[in-house]
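Join these two chains into a complex; the hints should help.
Those protein sequences? They're chains X and B, same order as listed.
Take the first sequence: its letters are residues 173 to 283, numbered as in our numbering.
Take the second sequence: its letters are residues 223 to 341, numbered as in our numbering.
Treat the hints with care, since some could be wrong.
FRET-style restraints, in silico, Cβ to Cβ [as the list claims (entries may be wrong)]:
1. X:D173 to B:G238: 28 to 38 Å
2. B:F296 to X:F218: 36 to 46 Å
3. B:Q302 to X:V250: 45 to 55 Å
4. X:A242 to B:K236: 44 to 54 Å
Simulated from the structure, these hints should not be mistaken for laboratory data.
Fair warning: this is a prediction, and the values are worked out from it, not measured in the lab.
Positions of the beta carbon are idealized from the N, C-alpha and C atoms, including for glycine.
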Amino acid sequence: DQQVKQNSPSLSVQEGRISILNCDYTNSMFDYFLWYKKYPAEGPTFLISISSIKDKNEDGRFTVFLNKSAKHLSLHIVPSQPGDSAVYFCAASGGNTPLVFGKGTRLSVIA
Amino acid sequence: DTGVSQNPRHKITKRGQNVTFRCDPISEHNRLYWYRQTLGQGPEFLTYFQNEAQLEKSRLLSDRFSAERPKGSFSTLEIQRTEQGDSAMYLCASSLGLGGGDYSNQPQHFGDGTRLSIL
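Bound-form chain B, shown alone (with noise of 0.2 Å):
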């Protein structure tokens, strides 16, 4: 049983710079959701695709913050002109969608993460 996988597991770079992380969801799950987790916090929502669409995009971040779920598959998060404040854990999770646009009542499965560090 293959869970939500993502690359890479750390990342350090310099201010300024631009990173990309990737997730592979369960692949029987059409919904997938990106979240930040900064330390003593629980995760904080920051968007969801169910297929290839993007359903709520309202809280990312900052426009520096995007991401693409092209084929319904495999997600990326890129944050561009990386801050030292968006030094923080990033976790992807997928769950299965029973349509419309409303949080189904679906337990999310969870990636362990992609630790983001800003020198």
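Looking at chain X on its own, in the form it has when it is part of the complex (with noise of 0.2 Å):
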């Protein structure tokens, strides 16, 4: 039973360009949301986040943006750069929930 689910298990975007990393989530509980960024032999760094009472955070390149009626959320990253690549995790957590995480999405820019 998968609270929070990213779909894609990866994607490949040309530099320069958006990237667009989805994350859908079944409990209604959650009231905060959180991106991560993994590389290898790391521990997850983390990017950004959002509260359940705003639909959209910005932080430099990095924005999600949160639909609660669709229990959607999205981080975008523009313009993406080689440094980018890793990989993604998506989290929530909410009242007595602790932070669920997603399996990740593998995120690689294209020089």
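Here it is as structure tokens:
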């Protein structure tokens, strides 16, 4: 029973273009959502988060959008750079539910 | 700025042995979390502490798993009588907690993990 789903295992994007990573969740109690980036042999690095009272949060090249009615969030990276190549995890928490992660999406930015 | 530190980075042991991992959180963080990550999966929550109190341990994988944070600073995760299925990456994270038992809206910051291999 996956509460957080990342349906695309991988994504390839050209350098300079937009990368869009998607995430769906099922638990309506989730009220805090995060994106993490992970390089090989390193732990996940926090990128950006959004509370359920907002529908958009922006930090530099990274923007997270939240659609509560669809239980969907997305991460936009503009412009994409080769150093963005990594595995991206979506995570969510709320109330008495600890942080739940998706399985990740591997992003490859091609120069 | 010192991040979350985990030791050892790698541990290889024979089935049936006990292993212990250490985590040093970011110094001002009062919450500390343990996760397990296997290949192709996201991190899976195991347990967490607020200061020295273990507020959630029902998700530890079996009674062979235990964790401590005796002085509210570093933490240890012990696995007794290891099995082949325990082979995984064990991750520690820390965050600020605003009190209470719920999972406050503060980002968790992760260490680089301990990779456990059971022979």
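Outcome of the hint check:
1. X:D173 to B:G238: 28 to 38 Å: Since the Cβ atoms of X:D173 and B:G238 sit about 32 Å apart, the hinted range of 28 to 38 Å holds.
2. B:F296 to X:F218: 36 to 46 Å: 21 Å, violated
3. B:Q302 to X:V250: 45 to 55 Å: Because 49 Å falls inside the window, the suggested range holds.
4. X:A242 to B:K236: 44 to 54 Å: 49 Å, holds
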